[in-house]
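A.B. asks: Okay, here's what each chain looks like letter by letter:
Number of protein chains: 2
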Amino acid sequence: MNQLNTQIEAGVISPEQLLKHWQGHRSLTRRVIEAFPEKEFFEHSIGGMRPFSKLVSEMLAIAVPGLKEIVTGKTSPFNEDLDFDGKKENVLKAWDDSTEQINSYWKQLSAERFQEQIKLFGQYEGTVVSNLFYFIDNEIHHRGQGYVYLRSLGIQPPFFWER
Amino acid sequence: MNQLNTQIEAGVISPEQLLKHWQGHRSLTRRVIEAFPEKEFFEHSIGGMRPFSKLVSEMLAIAVPGLKEIVTGKTSPFNEDLDFDGKKENVLKAWDDSTEQINSYWKQLSAERFQEQIKLFGQYEGTVVSNLFYFIDNEIHHRGQGYVYLRSLGIQPPFFWER
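First to last, the protein sequences are chains A and B.
FYI, the numbering for the first sequence is 4 to 166, going by the numbering used here.
FYI, the numbering for the second sequence is 4 to 166, going by the numbering used here.
Bear in mind the hints are in silico, worked out from the structure with no lab data behind them.
Remember, identical chains collapse to one label, so a pair may be satisfied in a single copy or spanning two.
In the SDA-like style, the derived pairs of lysine to any residue whose C-alpha atoms are separated by at most 25 Å in a straight line are: (1) 122 with 164; (2) 71 with 164; (3) 23 with 126; (4) 110 with 68; (5) 77 with 164; (6) 42 with 163; (7) 110 with 26; (8) 96 with 63; (9) 122 with 31; (10) 71 with 124; (11) 122 with 163; (12) 57 with 99; (13) 122 with 162; (14) 122 with 165; (15) 57 with 41; (16) 42 with 162.
In isolation and in its complexed conformation, chain A is listed as follows:
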């Protein structure tokens, strides 16, 4: 049994399942974006934290650019300074565009690459799969913060378990 088979033998989740897991989370995040009133999406903050629009910019700056770099091997500097012209509509458009691009790049990612060591955005070292989990976990983390922002505005967020 070669090294690839040894690695593969121990796997607990398939690439297709991981994509579905990620897109399920992204679908929930999209509904959290929708739940914000436009003004509060760009301005509301607690304890000096970034407004939810900035947290979403970070998610968008990580997801497609990160996956694209994993697939193509071409490094770009990390840039989360996205311009939405103060409109949630533009954010949702960027979100949906990312959804399509993620599906498209994912198809180009072969199963044996998930354990490959990489250095993402020129600085984040780890395996491909550890970087992908970082993308997802970071989104869950910041979306959880968006839930508190919504609650502090008296708005009920979507249920966490609905994907």
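For this one, chain A is given, so just place chain B on it according to the hints.
C.D. replies: Then chain B, alone, in the frame of chain A:
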């Protein structure tokens, strides 16, 4: 190639890696618990949400009881009403005890069981691995909310990327 091999062939993360991933998150959550002043841990709230102590109770009520049920097949009703006698020290003790128990039960979970369909706590249907991801994701979600609580108290939380 039989069905088991087909499933296994596509795996992107090993059981050992998933345990390390989970315990890394749990280690960060422990430091978030530590960062709270005792009174605020049990009382501070935003927008009518539960204080962080209650969110941590939920995490504890899910982790070991959930994993134990997966491993042993014995169902218990979900119970998140844990008593810490108003002391963070007791919470941290319960947390560390859970850390050991998770490591111990994990050793009894064979790789081929991760894709098995189960119904956890008598109600949550899905594969073993989808339930385990739910445990982890739910912890990240609520811990992110704890970050906002800390920030609203003027306290700097631990860095998200330090596990």
